[in-house]
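Engineer: Starting from the structure of chain Y, add chain U where the hints point.
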Amino acid sequence: MKKDIKESPLFWPAKMKRNVLLVLDETLIPAQVKYIKVTDMHSAVEVIRQMKTRAFGQLLVVLNTFLLEINKSPGLSGKHLLHRLEKTALALNRSRPTFPFAEVTGIVLRWAKQAFAEDADIGIFVRKNIMGYLAGIRAKRLERITKIAQVIRDGDTILTHCNVSGELAMAADICRRQKKRIYFFATETRPYLQGAKLTYWELKRMGADVTLVADNAVGSLMSDGLIDKIIVGSDRSCANGDFANKIGTYQIAVLAKEFRVPFYVLTQPSDKVKSGKDIPIEIRDSKELLTFGGKRIVRGRVKGFYPGFDVVPAKFITKQIAIDVR
Amino acid sequence: MFANKTIILVQGVVHDSLWDILKEKQTQDIFILEGRPYLYPAKHSTREAIRRKITPTLIADNMAGFLFYKNFVKEVWLAYHLADKTGALCDIGALILGVLGKRHRIPVYLYPSGQKTKFLGRGKDLHTFNGVPAVPGNVRAYVPLVDRVPMTYITRIHSGRKSCGT
Chain Y
1 MKKDIKESPL FWPAKMKRNV LLVLDETLIP AQVKYIKVTD MHSAVEVIRQ
51 MKTRAFGQLL VVLNTFLLEI NKSPGLSGKH LLHRLEKTAL ALNRSRPTFP
101 FAEVTGIVLR WAKQAFAEDA DIGIFVRKNI MGYLAGIRAK RLERITKIAQ
151 VIRDGDTILT HCNVSGELAM AADICRRQKK RIYFFATETR PYLQGAKLTY
201 WELKRMGADV TLVADNAVGS LMSDGLIDKI IVGSDRSCAN GDFANKIGTY
251 QIAVLAKEFR VPFYVLTQPS DKVKSGKDIP IEIRDSKELL TFGGKRIVRG
301 RVKGFYPGFD VVPAKFITKQ IAIDVR
Chain U
1001 MFANKTIILV QGVVHDSLWD ILKEKQTQDI FILEGRPYLY PAKHSTREAI
1051 RRKITPTLIA DNMAGFLFYK NFVKEVWLAY HLADKTGALC DIGALILGVL
1101 GKRHRIPVYL YPSGQKTKFL GRGKDLHTFN GVPAVPGNVR AYVPLVDRVP
1151 MTYITRIHSG RKSCGT
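Here the protein sequences line up with chains Y and U, keeping their order.
Each residue of the first sequence is one higher than the one before, counting from 1 in the working numbering.
Each residue of the second sequence is one higher than the one before, counting from 1001 in the working numbering.
These are calculated hints, taken from the structure and not from any lab test.
One thing to keep in mind: the hints can contain errors.
What the hints assert, rightly or not - Which residues of chain Y face chain U? A partial, calculated answer using Cβ under 7 Å:
| hint | residue |
| --- | --- |
| 1 | Leu28 |
| 2 | Leu134 |
| 3 | Pro191 |
| 4 | Val213 |
| 5 | Ile247 |
| 6 | Gly248 |
| 7 | Pro280 |
| 8 | Glu282 |
| 9 | Arg284 |
| 10 | Ile297 |
| 11 | Gly300 |
| 12 | Phe305 |
| 13 | Pro307 |
| 14 | Ala314 |
Stated by the list, open to error - Here are the computed lysine-lysine pairs in the BS3-like style, where the Cα-Cα straight-line distance is at most 27 Å:
| hint | chain 1 | residue 1 | chain 2 | residue 2 |
| --- | --- | --- | --- | --- |
| 15 | U | Lys1116 | Y | Lys287 |
| 16 | U | Lys1116 | U | Lys1043 |
| 17 | Y | Lys277 | U | Lys1074 |
| 18 | U | Lys1005 | Y | Lys287 |
| 19 | U | Lys1074 | U | Lys1023 |
| 20 | Y | Lys6 | Y | Lys17 |
| 21 | U | Lys1102 | Y | Lys319 |
Using N, Cα and C, we set each Cβ at its ideal position, and we do this for glycine too.
With the rest of the complex left out, here is chain Y:
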């Protein structure tokens, strides 16, 4: 079954090719499918900060950046390589606040320290572990796609927000081949319009029936009884089941509760953060909100406020479709 799944470019948006990390520039989709060359931790931090990649793409960039740094360090002593990897981790951890970078880099540093303590070759040991870890995540995500497809019933209309990094579109393809008639509404997802640009594009590419709506239309859709299920992704999970996801997710969850629409979330469980209140929320530059395509939306002395993420309490979730990547 897994082999049959048609892959979306957003499912695995960063790949190593001859010592260069190719990162899908998600800001150019749907106009272009173009990859950015990342060669070291500095360019890796830049693609993350500029949101050229986001969500799952960030995890791939983080892990592959360690591979880049290892590949650049032949002949370096264990002590120096460990120091370089620690420096890499620090730079990545500081790139953006909400995604759990420290959790991911912490795993890699544990491997490096273990190899150092055992007097093993750090480069070989860490590389092998990263490759194995990535292969494991890939298998688990493919498995989760089949679970998403199981949740979706014939005739369902699904509302989604922002972008679920390929998984929903690939589940839609499975459903299509299972002859399930399903329909999607994708929110635009201001301010970068990831729903309009990425989700609409990849669902359409998979042959799904999708309609775009503005972010402010979700109440209308739910109160009119047009939505059977909501499926969203998550950027960070907490020990108590709360999660963080793209701004706009909280109000969708509240509406879902009010109008009794089942609310599903794709999560990666973690116990590092107790509850949603402990998740640091990134407040981005208001310029990103006040201008679009280089053109300012408003005139005069208008301020803007752009929180990048919402926290959604666990009580709003009908079911988590989880993969454990710890």
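Structural biologist: Just chain U, lined up with the frame of chain Y:
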């Protein structure tokens, strides 16, 4: 970031007289939802606020929930077109604010709209953002322009300038 229960949210194109009332109440800051697809509130409401020396802060339509979750919101004003005992017809997005207001026990006031609206926009209204192409022209979109907000989500419906001082 902000103090608890200090933010006044305004959604939709309210009649200009609301801005006079907010000024009389010595309101200094106001949060305005941009109002897709045409961004009329972003353009009109910010201008009216600035005219009265009220500092407007613009947020996208998907950001109100964040302010409620953080307990920053003090009250909500929604523009309405028609109202009766069962509720009101408001600009699209009003229902979201109504539901959030109810859940967080924040008053939701309705004020007459400052402009007419259609019930439904055209799909191509979402193809551009602020006149800038946003998605390809073949993207299919559904563009409702009004929300029906049941009375259960409304604290008070104002009929206009006179009743607002009460």
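Engineer: Between the alpha carbons of lysine 1116(U) and lysine 287(Y), is the straight-line distance 27 Å or under?
Structural biologist: Not satisfied, since the Cα-Cα distance of roughly 31 Å exceeds 27 Å.
Engineer: Less than 7 Å between beta-carbons is the criterion; does proline 191(Y) satisfy it with respect to chain U?
Structural biologist: This interface hint holds because 6 Å falls under the 7 Å limit.
Engineer: Holds or violated: lysine 1074(U) with lysine 1023(U), Cα cutoff 27 Å?
Structural biologist: holds (16 Å)
Engineer: Does lysine 277(Y) pair with lysine 1074(U) here, judged by a C-alpha cut-off of 27 Å?
Structural biologist: holds (20 Å)
Engineer: Against chain U, run the beta carbon of isoleucine 247(Y) and see if the smallest gap drops under 7 Å.
Structural biologist: holds (6 Å)
Engineer: Going by Cβ atoms only, is leucine 28(Y) closer than 7 Å to chain U?
Structural biologist: violated (13 Å)
Engineer: Does valine 213(Y) pass the interface check with chain U, least Cβ-Cβ distance below 7 Å?
Structural biologist: holds (5 Å)
Engineer: Was the hint right that proline 280(Y) lines chain U, CB cutoff 7 Å?
Structural biologist: With a minimum Cβ separation of about 12 Å from chain U (threshold 7 Å), the hint on proline 280(Y) is violated.
Engineer: Quick one, is the glutamate 282(Y) hint okay against chain U at 7 Å, beta carbons?
Structural biologist: This interface hint is violated because 12 Å lies over the 7 Å limit.
Engineer: Hinted pair, alpha-carbon criterion (27 Å max): lysine 1005(U), lysine 287(Y). Please report holds or violated.
Structural biologist: holds (25 Å)
Engineer: Below or equal to 27 Å on CA atoms is what counts here, so check lysine 1116(U) against lysine 1043(U).
Structural biologist: Between lysine 1116(U) and lysine 1043(U) the Cα gap is close to 16 Å, so the pair holds against 27 Å.
Engineer: May I ask you to test the interface hint for arginine 284(Y) with respect to chain U, counting a Cβ-Cβ separation under 7 Å as satisfied?
Structural biologist: violated (11 Å)
Hints 1, 2, 7, 8, 9, 14, 15, counting from the list given before, are not met by this structure.
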